Structures are given as C-alpha cells and as structure tokens.
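Go by the hints and put chains B, C and D onto chain A.
Number of protein chains: 4
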Amino acid sequence: MEKIRISVIGANGYTGMELLRLLAGHPAAEVRHVVSRSLSGQPVAEYFPSLHAYDGKVFEGPDDLQALAEDSDAAFLCLPHAASAEMAGRLFRLGVKVIDLSADFRYVNVETYERTYGVTHPEKELLRAAVYGLPEINREQIKTAGIVGNPGCYTTCSILTLYPLVKEGLVDPDTLIIDAKSGVSGAGKKADLPNLFAEVNENFKAYGVTTHRHTSEIEEKLSLALGRPLQLSFTPHLLPLQRGILATIYADLRPGAEGRIAAVYRNYYEKEPFVRVFEEGRLPELKHVRHSNYLHIGYKVDERLNKVILIGCLDNLVKGASGQAVQNLNLMFGLDERTGLMAEGDYL
Amino acid sequence: MEKIRISVIGANGYTGMELLRLLAGHPAAEVRHVVSRSLSGQPVAEYFPSLHAYDGKVFEGPDDLQALAEDSDAAFLCLPHAASAEMAGRLFRLGVKVIDLSADFRYVNVETYERTYGVTHPEKELLRAAVYGLPEINREQIKTAGIVGNPGCYTTCSILTLYPLVKEGLVDPDTLIIDAKSGVSGAGKKADLPNLFAEVNENFKAYGVTTHRHTSEIEEKLSLALGRPLQLSFTPHLLPLQRGILATIYADLRPGAEGRIAAVYRNYYEKEPFVRVFEEGRLPELKHVRHSNYLHIGYKVDERLNKVILIGCLDNLVKGASGQAVQNLNLMFGLDERTGLMAEGDYL
Amino acid sequence: MEKIRISVIGANGYTGMELLRLLAGHPAAEVRHVVSRSLSGQPVAEYFPSLHAYDGKVFEGPDDLQALAEDSDAAFLCLPHAASAEMAGRLFRLGVKVIDLSADFRYVNVETYERTYGVTHPEKELLRAAVYGLPEINREQIKTAGIVGNPGCYTTCSILTLYPLVKEGLVDPDTLIIDAKSGVSGAGKKADLPNLFAEVNENFKAYGVTTHRHTSEIEEKLSLALGRPLQLSFTPHLLPLQRGILATIYADLRPGAEGRIAAVYRNYYEKEPFVRVFEEGRLPELKHVRHSNYLHIGYKVDERLNKVILIGCLDNLVKGASGQAVQNLNLMFGLDERTGLMAEGDYL
Amino acid sequence: MEKIRISVIGANGYTGMELLRLLAGHPAAEVRHVVSRSLSGQPVAEYFPSLHAYDGKVFEGPDDLQALAEDSDAAFLCLPHAASAEMAGRLFRLGVKVIDLSADFRYVNVETYERTYGVTHPEKELLRAAVYGLPEINREQIKTAGIVGNPGCYTTCSILTLYPLVKEGLVDPDTLIIDAKSGVSGAGKKADLPNLFAEVNENFKAYGVTTHRHTSEIEEKLSLALGRPLQLSFTPHLLPLQRGILATIYADLRPGAEGRIAAVYRNYYEKEPFVRVFEEGRLPELKHVRHSNYLHIGYKVDERLNKVILIGCLDNLVKGASGQAVQNLNLMFGLDERTGLMAEGDYL
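Protein chains in written order, with my numbering: chain A, 42 to 389; chain B, 42 to 389; chain C, 42 to 389; chain D, 42 to 389.
It should be emphasised that the hints constitute simulated quantities derived from the structure, not laboratory data.
Everything numeric in this text was worked out from a predicted model, so none of it was measured.
Please note that the accuracy of each hint is not assured.
Identical chains blur together in the list; that is why a pair holds if it fits in one copy or across any two.
As the list claims (entries may be wrong) - Derived pair list, reagent style DSBU-like, types lysine-lysine, alpha-carbon separation capped at 35 angstroms:
#: 1; residue 1: K312; residue 2: K341
#: 2; residue 1: K44; residue 2: K231
#: 3; residue 1: K208; residue 2: K341
#: 4; residue 1: K341; residue 2: K98
Isolated chain A (complex conformation):
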C-alpha cells in the first residue's frame, strides 16, 4: 500500500512535536517534510531527542511550497491564526488536503471568528470547503473535506461532553457553566515569564475569565446542536502539570431528564471509538487519558438542586489537538479512524 505523504508545517511547538510522535507510529502515513522557519536546517532528532524515528530528517524552511505540495498528500498546519489560513489557501490550491490546527477554519460564522480573534479572515471563500473536524459530530463531512478546521482543546472537551444532552433537550441550555482546568502544554512553547517552572509549579489560577476565545467556538457549535443561539459561562484555569484538560460542567436538568442521561449518552457514543461514558457517579481522572486519544465522561445528578454535574477529560495534545488531527486524516483518506491512535493512556 502506498503511504499518505505528510507535511507538518510549524513543527517546532508542542502540537507539532505531538503530531510527529503520533505519525511515527502510524502505519499508513509517512512524514516527508518537517517545516519550521526558525529551526530550518536543524536535525529533528537533535531538537526533539525523544523522536528517534526522525533520525536523518532535518527541519525545512517553508521556501518552495510548490515542491512541498507535489510531494505531499496532506499537510498539518500548526501556525498562528491568520497566517495559517493563508498557508492553507496556498496548499489547498496546490492540491494538498489541509488539516489546520489554528482557529481559522473552525467557525461557520466568520464574523464571530473575526470578532473573537481580532483579525480579518484572509481566505473567506475557503470557509465553504472547510469542515469542523469533530468526528463524533461531523464524521461524514470530514471524509470528503479538502480543509479541516481542527477544534480547540477546551472546545473538544466541552462540546462533546455537552452535545448529546443539549441536542436532546435534557438540560436547560441557558444555565450552562463550564469550569475548565488545563495543563501547561496548552500554553505552547513560549518563553514567557508566567510559563516558567518556578511560576507555575505549586500554583493554580484562573485566567481569561469571561474573555477566553474558546467560549465563542463552544457556543457556536452547541447553538447549532440546539437550533437556536445559546450563551454560556466558560472559565479556564491553569494546572501545574504537563497535559490534560478536565472540565466540570454545571447544568439545570429539564423535567424528566434525570433518568434519560445514560441512555442518551449511550445512544450517541456507544459506538464511538474514542469516547467512554462512565456509569453515573463514577468519575474520570486526568491520568487515565494522558497520552491517549480518549475522552472520558462522567456525571452525577444533584437531585437536591435539580442539576447535573458533568465531567469530561482528555489529553489536550492528543484528542484536544494532534490526535484528533490524525483521526481527521484517517477519515479524509478512507482509513480506519483508529489507525495509529490506539496506544493506551499512560496513567503514570
């Protein structure tokens, strides 16, 4: 079988590294080009000594896109917002399928995107060719998409945990509160003072309260599920650990909903390869999904307050970014969705 020829563009950060790690174990993909302007010329295995499979591979600059496109069936983009859309446009027009890990192709409503990210979208027409890459919701469209907008980490966790209950009307959509906590790799590989070990270690804090960009992404997708606009409260926090997001979600239950939660989840997710819903009262823990592509969901009904507390967790670099991107790749190229993604979580 011929392998899918892959280019990873913007491979110097943590999502790029995670893509390289996952693709090294993917039996049907071959990484042809590892692109990073700032690391151009440096051996990959020297910069990432954990990536033994890339011996002999060297970071390339994004100089000759034409040549790169001729040698690539698919490209993963790990670039800053807006820059990513430009690169996506160029590669798409050169015949390469694009999986974009920035926010540029995540929104149906480009105005929401532009307001949220404070930029003008440079490739508005391409949005019609783009699909939001959440396989559990958009599987069929992803299969034929030319561009996939890979979802955000907080958003994958929040949307998938809430989606069945919102869509089936089990919860009052005007009462949603998402209290989310993320490991530090979500902040990327940036040399900023607040990301120093001595600043983050033994610390915990909220950030972006009422203003975090993922709020509008979650709201758009759940509004589409609901059939009308909804607004919700989203508060992210920074955990002193490497990987993982856990979202604790509060919602008022609709009358009669209490007994239907398990069945609705089962209906939506029983056959999903990467979603596990626990029986009521059994709660997920971050460590059980680390380094895996799984989303674990637990819940508990609070009868006293007529609320349900949902807990979703995933690895922000895998199901929340690079693993989901590979899942999308598999769908776009007709492979079993699970290919290269079945490594177990690490626990330790």
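Below, chains B, C and D without anything else, positioned relative to chain A:
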C-alpha cells in the same frame, strides 16, 4: 509577660505540624505539651526535622489529662470527629480553653452535624459554649468563647468570599455554584493508595461530587447571613500540589448589584488584617497566599450573562486550619489578632 | 500468524500495568490471563481505566496453574522475591517460558543473591536454565532461554552505561562511583507514608546509602565483564516525578583512554536498537526517554582531573522493567526485538 | 531602638523577593528603598502580591544614589556580575555597608574570578575591604567588614559540608566528588525556553558538567582550609522543584578517620545556630530545610570502599542566598546572628 501555655493534641498530622510551626514563632505562646498517642515517646524534632525549635521536646501520650490541663491555658485539638468533642469536653471542664480543628463544634444545628458526619454528637450541651471561629464574622463572640469550632478549609474560603455579597443581597442566593480545588495536604497524612505521589502527580480529578461534608457547613453559615435557608452546589477537586485552595464561584447578580460589589467588599473587609480584595478583573493566584494567613479575593462581572465570577484563595493549612486557629487563640486571650501570623507568603 | 499467548502474574502494580500497556500494542502477543490474587474478579479496565484494550478482561486469582499453563506460551512474573522463583519453577515445569521481573534469576552467584536479599533461593537448580535478560550483552543466550531474569532498573542503566568502558579497560574499575536518581514509580504501588504525594513532592533525598540491593547486581555483571571482581559505590536518590532514572557516573580514565571513548561506545552500541550514545558534551535528559524503551548515554571528559563523567538515563518502567521484559519475549520467540516497543518517548 | 535602614538593589528577581520577604519579618531592619530599574514606578505589592508588608512601597530606579545612600545604612545588591561591583564601589564610597549577592567579592584571588566569570573586575582595590560572607568560617571578619561577598548557593552547601573534614585531614582532598542537585529557583527569573514549566516538570538533567562556575569558588575556599591547592569534581543537576539544594559528596577516608567524623563535626558546628549534623546513617531531606536558614548534614561511612558519603542540604534562596545575606547583616550591625531568621522550615 507570662506566656499562654499551650497543648497541641493529635500533633502527628499536617495541621498539628503546622500549628507547631506557627507557635514556634509566636512571641506570646509557649507549647508545653505535644500530644500524640501513636508517637508517644518520640522526639518531636526527629519526627519533624524541620521543627528545630522543638529540640528536647518529646511527643506525649494523652495519659494524664489532669496534669496536662493544669499546665495548659489553651489546647488545640487535631483529632477525628466525635473523638475531638469528647476530648474537648474533658479539657473544657478542667478549665482549659479549647480550639477544636474538627467539625464537632462548627454547626449551630446539631442535627445537620449528625446527618453530615453520621455520628451522634457526644457533647451536645457544650455546643452552647462553642463559637464558630471565623473572626471576620464572629470576632466578638470568639473573644469570650470557651470552645471555638475552627472552620473547615473549603468553608473558610467559600464563606468569606461570598458572605458580604449574600448578606447585602447582591447575588441571587439560589444560583450559587462553588467549584473548589485543593492541594493534597487537605487529605491529611494517611497512607492510602489514592494519596500516593505516583497516583496524584500529573493527575487532577473531582471527588465527593454532591456529597462533600463541607457543603452543609457552608450552607448553614450563609443561610444565617441571608436570614433564610439556602442551598448551593459545591464540587471539590484535588490539585497536584502541597497547599492551597482556590474556589471559583458563580452567582447570578441581582439588578443594580454590578456597580456595588467593590464598595460592599470594602465595607466588610477593608480593615480586616488577613483579607485582601483585589480591584475588579485582577485575579488571585494560589502561590501568593501559600504559607500565609491571608485570603485573597478577586472577581469579574460577566455582563453578557449577568453573572459574577468570584475567586477566593487561601492556604488550607494556615487560614484554612492552623493559622486561623492561632488567630482565634489571639482573640480568646486578648492579644493583637495578628500576633505570630505576619510571616509573608512564599510565592516560591 | 498465531499469537504468543501471554499470562501476566502479579498484575496489580506499576510494572504489571506497564506490561499490559505495552502488550496491548504488541502485534504478535495476546494477553490471555491477567493474574492478581488481591484483585481477583475485578474488571481490568475498571482498575486501570487507561487500559481500554482490556475491556471484558477480568483479573484472575492464581488458582488453576495447570489450566493457565496450557493456555500460555509465556508468563511475566511481577511477584515478590522468592515467591517469584517458586511460581517460575511451577510454570517452567508446566512448559511455560518465564520472564521474571523479580531479582530471583538475576544472579550467577546464588550466594550473593541470598546475602543481598536475605532469603534462601527456593529453586537453585533452575538457575542453570536462567539467563540474565540484558539483550545488549546476552542476546544469543536469551534467544534459547527457558527462564529470563529481567534486570533491575538502576542496574540496567548503570551496567549498560559502564559496560563497554569497563570491558575495554578505558576506566579504572576501582574508582567507579554511581550517583543515581529515580522517579517514584520505582518504589511500586505501596501505601506507605514516605510515598505519599505530600511527602515526596518538592522533596529530594538519598536512600539506601551503601546498602542498596542493586549494588551487588551491578558489581556481579561488571565483574564478569572485567574478568575479575570489582567493587563500586552506588547511591540512589528519590526524584519527585513519575518515571525515569538518571545515573551520573564518575570514573578515573586509564592513560590514553580519553580519545577512545566515542569509538568504543560506537563499536558496542551502534547497531543496538534501543541505545543511543551522544557525542561528547551533549547530555541526555530524562524527559527524552520517558515512556520509551531507549537508553540515552552522554559523557564529558574532565581533563583537569583525568576523569570521565558518564550520564545514562532510561524509563525505569520500560527499559528498566516491562519494556526490557517485552524485548526479552521477542528474542525468546524469534521475533524482531523491536516489536511492540517502537513508540516514541513523550517529552511532555 | 533605631532600625537599620536598608536598600535592596535589583529587587525584581527571586533572591531580591526573598530578601524582601525575610526583611519584612526582621525586627531591627527597615526596608527604605526597593530598587529595580525595570520595575521602576510599580507598586511592590502588585508585582509580588505575597509581600503584604510592602503596601504603599514602590520600586525605584537607581537614579539618585546620593540620596539613597544618605537614607541607607546597608544595601543588598542582587545585580549581575561586574555591574554589582561597580554599584558596590559607589555605595561603599558613599558610606553604605554592602552585602553583595553576586560573585564579585567572593574570591581572594581576583584572577580566578576573572577567569571564571570572563570579565575584568571593575573594583579590584575594594577586594581588600571585602570579606567572604560565610559566618561559620569568617564570623569575626564579617563583623567589621564594609563589603561582604555573599557566597553562592552550591558553594555554601558544599563548603560547609566538607570544611571540617578537609581542615582536620579526615578525607583525602584529592578524591572529592560533589554531585549536587538544585531546584529551579536557582536559575533565577529569566524567560528562557529551558526554564519553562513544560520543559522542567517531570524532567531531570545534569548541566555545566566540568564547567560550572561554583567549582572555582568551592576549590578556593577548601584550598584555604587545607593550606594547599586542591581540585575537585563538581556536577550540578536541575531538580523539578522550587527550592533547595542537596549535595551528595564522595571522599576517600584517611586512615583512622572513620571514628572521628562525628567528633570533628561536633567540634565545628555544635554551637552553630544554623547547622545541624545528624548522627551517622540518618540522612537529611530537602523538605526539612525549605524556607529556613538551616543547613542539614548527614553522612554514612562505606567501610567496604573506605569512603565516606556526605549529604548536605539547604534552601538555595535562604541559607544559599538571602537568608545568609541577612545573617551577614546581623553580624555587621552587632545583632544576634539569628535575628529575623528563626522561622521554621515548611516541610509541606
């Protein structure tokens, strides 16, 4: 000046150790007896090598309470629930002032206590002599109390952050959601599998969802502030760090409340030595209160949703336990409330 | 192709879990029995929620060894010392190939074993059938072994880092000092006070100074390489992290040795699939080998003192235990040694 | 009593912050000026929210040294090497006593300094007025010094642990190997990629092997003790934790030395307020000295190899920097050496 003669009973755990640490630097207190049945006979500075001031001191068993009482003006109790009330009763009747760090003297309503802790209170009459030891609310009663029920860690953080807004009617008391996160020392020094380093490190999880005992303590105190019973949602989580609690609290704002928050907080806490309320939008971080007796409060109004997000944080072993206990001691013995408690937080 | 039928005995601890994790991704092995006396009857995926591949699998007690042996080509033993040798004997006589992760089959000299572990070896005759499972040294013997004594974690790291230099006479074998540091998973899943998160976190300490059991294992193997007995200094320390061992090793250089180190290492390890030796002065870091089966070696010559400082590091649960055990399995069953072990390290 | 008027120059980093923390609790010192060019104009308590005592205080630029000097009895300098000596010279000539936390006044031999730090010393004459600020060795000279060169963190730990044994000839001075491990705060508050949480957490590595600058400082001081030049091996490592240094030191014992170690240590350190030597075989742990000014020393004789393994540990920001600086201040101003430094270690 003669020093207050102190006994610390149940000194083998983390709150006991923290009391010893704080009392070592207290200019008006002298620790006469360090009591632990299981460590009886062992040198204190051998078991806690960080406590250099206890050279020559040895753990005693609780054998001769009469003698201990004659040599003690005050006793701190770090014992299990119910056992603590029994010991408190014996010492109180021997003329010792008691600061009890268990839940036994925290509740006005003994039925709530018994339902929450699943025990029969062994010293019901003593409850009348007991005061809930939250100085910011009960300062005057604490000064003359014979027994002080030292508040829980989650509860101190949650109650003090919410109290002014609930009492002044700025928030709808039927919409309160407390999403709290605590460091591991809150679980005490118990050799249980879930508390192992390899289990907790790089992990995060919720626990006690809808069932945590501190819920009823918070509800009772805020109900008293409100003047009618209220119920709220409280969800604790376990952080992979030593010390500290951060509570993110969601509440719907009452009409017109938005502009009054700063003034109400100022009114209640401006003169409080250990409470700092930040200007709107400036958010507290756990590291700034570690090892100190301070509570930091921040908040942000979400105009879109007409909610306020409050963030309170403190060190669970200091303001959430042993530091507050010393603050109560100071009040009970007519000292400046801040005595021995002014060490700055550590940041690192 | 028929798969190798596997039993994992004593699967409740960290090395057992790691074996299950690795074997889940092994294309030529099938785990038939997951044995743990204490967890008998419990679903594996409930106890280890990260092991999704074990859905439907249940821990078994070690009740019917006859039946287990008939259904197993190979067994991994993760049992306490001495108990392991007994089980190995029974399974070996029932025709099962045994990979023993205890110390019972690591020593050539049974007296050293008995003195080191303070027990009488219960299966002395079997020692002749056993091979020390360090593929880089004993590859050919492992291929035909009926029992493999899987090396210890500290020992794998120390021996492999020193072996070429000792064997080729580049260092003075009477000057070896090994200062080793290990993550907490090396202590196993035991509910002891010193292993609590609050005790280990933000702490660092040496332990077992001059008395650690791995000393005699390292000495025996390096003595065999040298051709005469050698003694060395070995000091282990406990790192506040999950996985990984890094050993800093000091040795006096023999005259003329300085310029030969790179060539000697190359000679021994260039073709080794899981050993990487860096050029002089480039130093390995723990994070680059985490969750992988690799050993990274770096070194620096101190011309001033005529010493070489060697640094070896590996993941104690993979190359230091379960990964090496799978590597041995592959050799014993004629597979490519790398099968199921090529997952890249995690870095984060 | 009039308080000592203090200026802290270069107060934006971790040692500056630690000085402010300690001085806030010092009964005989008053911080008059908190100087930082980059933070000039910013409220101290806003930049360091843990420093509640600095309410109302604002960082100043180093603009009017004349005025600052008139208002200061002593200045602590936390500046880069060479810049520090220049500032020290200016303040010294304006009549201010200087405690310099850089390396500029640590060396007797200025050539060693210049070779080690790669700079020309800008104030060579002042070296005669300077004393190396290790009270346990230079107490009397410090009392009358105008400038104190505050020792490095690794060096304080290494020198004090070795000093009595080297001076009394118990160990062979040509066999010393120091394997040291430090928490991250030792690297300072610099926004470099290798200091990011995601890079340091769950990692461990050696650095500066054979080239670390503290080597020459340790060698000079121990050579002075020995009466002839000695050379030693020093290898630092980076621990994933906030504070603390633990040094494991290997030395060959001189004939007959074994039985004399305890007595020699007792002789040197019994009356030292901040040094504790444990009985043989009892080993210190980092957590017991965190946030305190103590050095803990333990040791174990290896009779088999005729070596002694020494373990010293301290808090790099306290006894290894700012605490020792305050100890020097106390000596320079005729105070009890322990003033403001008796806070117990934190353990948690």
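Comparing the hints with the structure gives:
1. K312 <-> K341: For K312 and K341, the Cα distance is within 35 angstroms only inside one copy (22 angstroms; across copies 41 angstroms).
2. K44 <-> K231: Within one copy only: 34 angstroms inside a chain, 44 angstroms across chains, cut-off 35 angstroms.
3. K208 <-> K341: both (19 angstroms within a copy, 30 angstroms between copies)
4. K341 <-> K98: Classified as between: cross-chain Cα gap 26 angstroms, same-chain 49 angstroms, threshold 35 angstroms.
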